[in-house]
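Visitor: Each chain is listed here by its residues.
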Amino acid sequence: MTRHANLEFDIAGLSESIVWPQPPPDLADKVVARIASPDRPRPRTARFRVATAVAILLVVTVAMLISPATRQAVADLLQAAGVRIGLGSEPAGELGAGLDLGTPVSLDAAAHAAGFTLRVPAGHAHRPPDSVFLARSGEVTLAWSGDDLLPAAGSTGIAVLLTQHAASEPFYAEKVIGPETGVSRVTVEGESGLWVAGAPHTFTLLDPDGWVVVETTRLAANVLLWQVDGVSHRLEITGDLEDALSWVASLEEAS
Amino acid sequence: MEGRPLEDRDLIARAKNGDKTAFGELVRVHQGMALRVAYLVLRDHAEAEDVTQDAFVKAYRSLHRFRAEEPFRPWLLKIVRNESLNRSRSRVRRERLAVRVANDPVSGDAASSPETELLAGERRDLLLGLIEGLPLRYREVVVHRYLLGLPERETAQVLRIPVGTVKSRASRALERLRRDLAGRPEAIP
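Line by line, the protein sequences are chains A and B. Counting from 1, position 230 in the first sequence corresponds to residue 232 in the numbering used here; the numbering is continuous, with no gaps. Counting from 1, position 93 in the second sequence corresponds to residue 848 in the numbering used here; the numbering is continuous, with no gaps.
Quick caveat, the hints were computed from the structure, so don't treat them as lab data. Mixed in with the good hints, there may be bad ones.
[What the hints assert, rightly or not] The calculated lysine-lysine pairs, modelled on DSBU-like cross-linking and capped at a C-alpha distance of 35 Å, are:
| hint | chain 1 | residue 1 | chain 2 | residue 2 |
| --- | --- | --- | --- | --- |
| 1 | B | 813 | A | 32 |
| 2 | B | 833 | B | 775 |
| 3 | B | 922 | A | 32 |
| 4 | B | 922 | B | 813 |
| 5 | B | 771 | B | 833 |
| 6 | B | 813 | B | 775 |
| 7 | B | 833 | B | 922 |
| 8 | A | 32 | B | 833 |
| 9 | B | 813 | B | 771 |
| 10 | A | 32 | B | 771 |
| 11 | B | 833 | B | 813 |
[Unchecked claim] Which chain B residues stay away from chain A? Per the calculated CB distances, all over 12 Å, these:
| hint | residue |
| --- | --- |
| 12 | 762 |
| 13 | 763 |
| 14 | 768 |
| 15 | 779 |
| 16 | 814 |
| 17 | 824 |
| 18 | 826 |
| 19 | 879 |
| 20 | 880 |
| 21 | 908 |
[Stated by the list, open to error] Chain B side only, calculated, beta carbon under 7 Å to chain A, not exhaustive:
| hint | residue |
| --- | --- |
| 22 | 800 |
| 23 | 883 |
| 24 | 885 |
| 25 | 891 |
| 26 | 893 |
Glycine is no exception: its CB is placed at the ideal position from the N, C-alpha and C atoms.
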């Protein structure tokens with residue numbers, strides 16, 4: 003018996019108060035019927051919807067670029083830390099090698115070269131990154147492949163991308179959000195951040211010098227953006243917000 | 756609720772050989788816990804049912820990857836949780852767990868007075884609120900370990916963390932809950 007035995011007992015007792023879903027009497031029959039039938043594609047037409055969304059996004063992006071008022075309005079709404087996103091293509095060799103993320107390096111080399119304190123998810127719950135990239139700008143990107151819990155996004159083979167770079171000053175990030183994408187303000191490590199859920203999305207950024215940069219994500223995944231201690235973070239992940247925050251909570255200085 | 760390893764093993768072997776009825780029996784054995792795992796993520800009964808059905812179908816189609824010497828339930832629950840997390844991806848707001856109203860007795864204790872029921876209900880709501888307020892890594896351990904009643908090893912497998920981490924997180928979570936409860940004037944010693 004532990005020193006918290008009474009509390010453990012109380013929490014276990016809470017289970018009786020929760021209105022749990024009851025198994026419908028025909029659940030097993032439905033499952034058996036489905037596995038007995040040929041493997042049909044799901045009724046949803048995700049591929050079609052994504053293709054449509056991309057087309058719409060391109061149109062909206064152009065509209066945004068020629069409309070300073072609209073651009074400023076969105077910028078005001080979606081102020082966030084600096085974001086740098088490469089153009090997508092098929093992976094070649096090293097995981098993420100086709101994504102224009104920089105030069106593949108070791109984690110130690112990246113930590114040494116970065117002009118800031120590089121952090122990585124720590125603890126047994128997280129694997130070491132499958133690949134590490136260092137961009138000429140000093141930006142470091144870590145990539146993880148998909149697994150049972152976090153599936154890879156599309157054909158990239160990647161489930162999580164964590165990008166960090168020094169941010170001398172915060173700057174505005176505008177986003178064009180697709181019809182299936184939602185943006186929420188969230189608190190991350192005590193700082194204001196953005197959670198961009200759904201896919202896909204195109205980012206239109208204003209860099210510190212005021213130049214407009216249009217870049218498109220290559221993963222149909224969710225993105226968490228935040229800035230803390232002068233470092234901008236971008237976590238692109240195929241999981242949900244709780245997954246993302248779980249990764250954030252495990253960040254520790256790379257040794 | 757450790758499952759029925761021997762019976763599971765037999766049913767899995769038959770299911771791998773194409774006996775779909777055997778897999779249907781596995782569904783009946785594990786559907787209750789699978790639904791609860793889905794509900795803890797999705798907080799919606801209908802959606803939990805939908806995801807659980809999908810997860811069982813996915814489990815059947817992945818049976819060839821299941822290692823016979825491993826327990827079936829945590830393997831299945833990992834799939835259920837994964838499917839649930841994927842389904843909830845676009846959500847930001849998390850609904851509270853649905854609880855019975857205070858005057859809806861669950862224990863059949865005829866001796867309980869209305870005052871006792873009220874106090875018990877208040878403490879229950881307080882404790883549930885504190886659990887919901889725990890950081891994710893602690894909350895997950897608490898709900899799987901105590902609300903679902905999974906053993907430490909199974910909790911570790913479902914959450915994909917070492918058993919030692921389950922122990923340490925559970926201990927820290929309970930310590931924090933105990934401290935928070937003690938700080939509340941309405942807490943019962």
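Visitor: Now look at each hint and say whether the structure bears it out.
Guide: A quick look at each hint next to the structure:
With a C-alpha separation of about 13 Å, the suggested pair residue 813 of chain B and residue 32 of chain A falls inside the 35 Å cut-off, and the hint holds. Proximity of residue 833 of chain B to residue 775 of chain B is assessed by CA-CA distance (about 21 Å); at most 35 Å being required, the pair is judged to hold. For the hint linking residue 922 of chain B to residue 32 of chain A, the alpha-carbon distance of about 38 Å lies beyond 35 Å, and the restraint is violated. Our distance criterion of 35 Å between C-alpha atoms is met by residue 922 of chain B and residue 813 of chain B, whose separation comes to about 31 Å.
For the suggested pair residue 771 of chain B and residue 833 of chain B, the alpha carbons sit about 19 Å apart, so the restraint of at most 35 Å is met. The hinted pair formed by residue 813 of chain B and residue 775 of chain B meets the criterion: a straight-line CA distance of about 14 Å does not exceed 35 Å. In summary, the hint linking residue 833 of chain B to residue 922 of chain B is supported, as the alpha carbons are separated by about 19 Å, within the 35 Å threshold. As the CA atoms of residue 32 of chain A and residue 833 of chain B are separated by approximately 21 Å, the hinted pair is consistent with the 35 Å bound.
A distance of roughly 14 Å separates the Cα atoms of residue 813 of chain B and residue 771 of chain B; the hinted pair therefore holds under the 35 Å criterion. Proposed proximity of residue 32 of chain A and residue 771 of chain B is supported: the alpha carbons are some 19 Å apart, at most 35 Å. The hinted pair formed by residue 833 of chain B and residue 813 of chain B meets the criterion: a straight-line CA distance of about 11 Å does not exceed 35 Å. The claim that residue 762 of chain B is not at the interface with chain A holds, since no C-beta of that chain comes within 12 Å of its own (minimum 15 Å).
A cut-off of 12 Å between C-beta atoms confirms that residue 763 of chain B is not in contact with chain A; the least separation is 15 Å. Consistency note on residue 768 of chain B: stated as away from chain A, and its beta-carbon is indeed over 12 Å from all of that chain's, at 16 Å minimum. With 12 Å as the threshold on Cβ separation, the claim that residue 779 of chain B sits away from chain A is violated: the shortest Cβ distance comes to roughly 4 Å. With a least beta-carbon separation of about 9 Å from chain A, residue 814 of chain B fails to lie farther than 12 Å from that chain, contradicting its non-interface assignment.
Every Cβ of chain A is farther than 12 Å from the Cβ of residue 824 of chain B; the closest lies at roughly 18 Å, confirming the non-interface assignment. For residue 826 of chain B, the shortest C-beta to C-beta distance to chain A comes to about 16 Å, beyond the 12 Å cut-off, and the non-interface label holds. Not every C-beta of chain A lies more than 12 Å from that of residue 879 of chain B, the closest at about 5 Å, which undercuts listing it as non-interface. Separation of residue 880 of chain B from chain A is inadequate, the least Cβ-Cβ distance of about 9 Å not exceeding the 12 Å criterion.
With a cut of 12 Å on Cβ distances, residue 908 of chain B stays outside the contact zone with chain A, its closest approach being about 15 Å. Contact between residue 800 of chain B and chain A, as hinted, is supported at the beta carbon level, the nearest pair being about 4 Å apart and thus within 7 Å. Contact between residue 883 of chain B and chain A, as hinted, is supported at the beta carbon level, the nearest pair being about 6 Å apart and thus within 7 Å. Among the interface hints, the one on residue 885 of chain B is violated; its C-beta lies about 10 Å from the nearest C-beta in chain A, farther than the 7 Å criterion.
With 7 Å as the threshold, the beta carbon of residue 891 of chain B comes within range of chain A, its nearest partner Cβ sitting at about 5 Å, so the hint holds. For residue 893 of chain B, the suggested interface contact is broken, since its CB lies about 10 Å from the closest CB of chain A, more than 7 Å.
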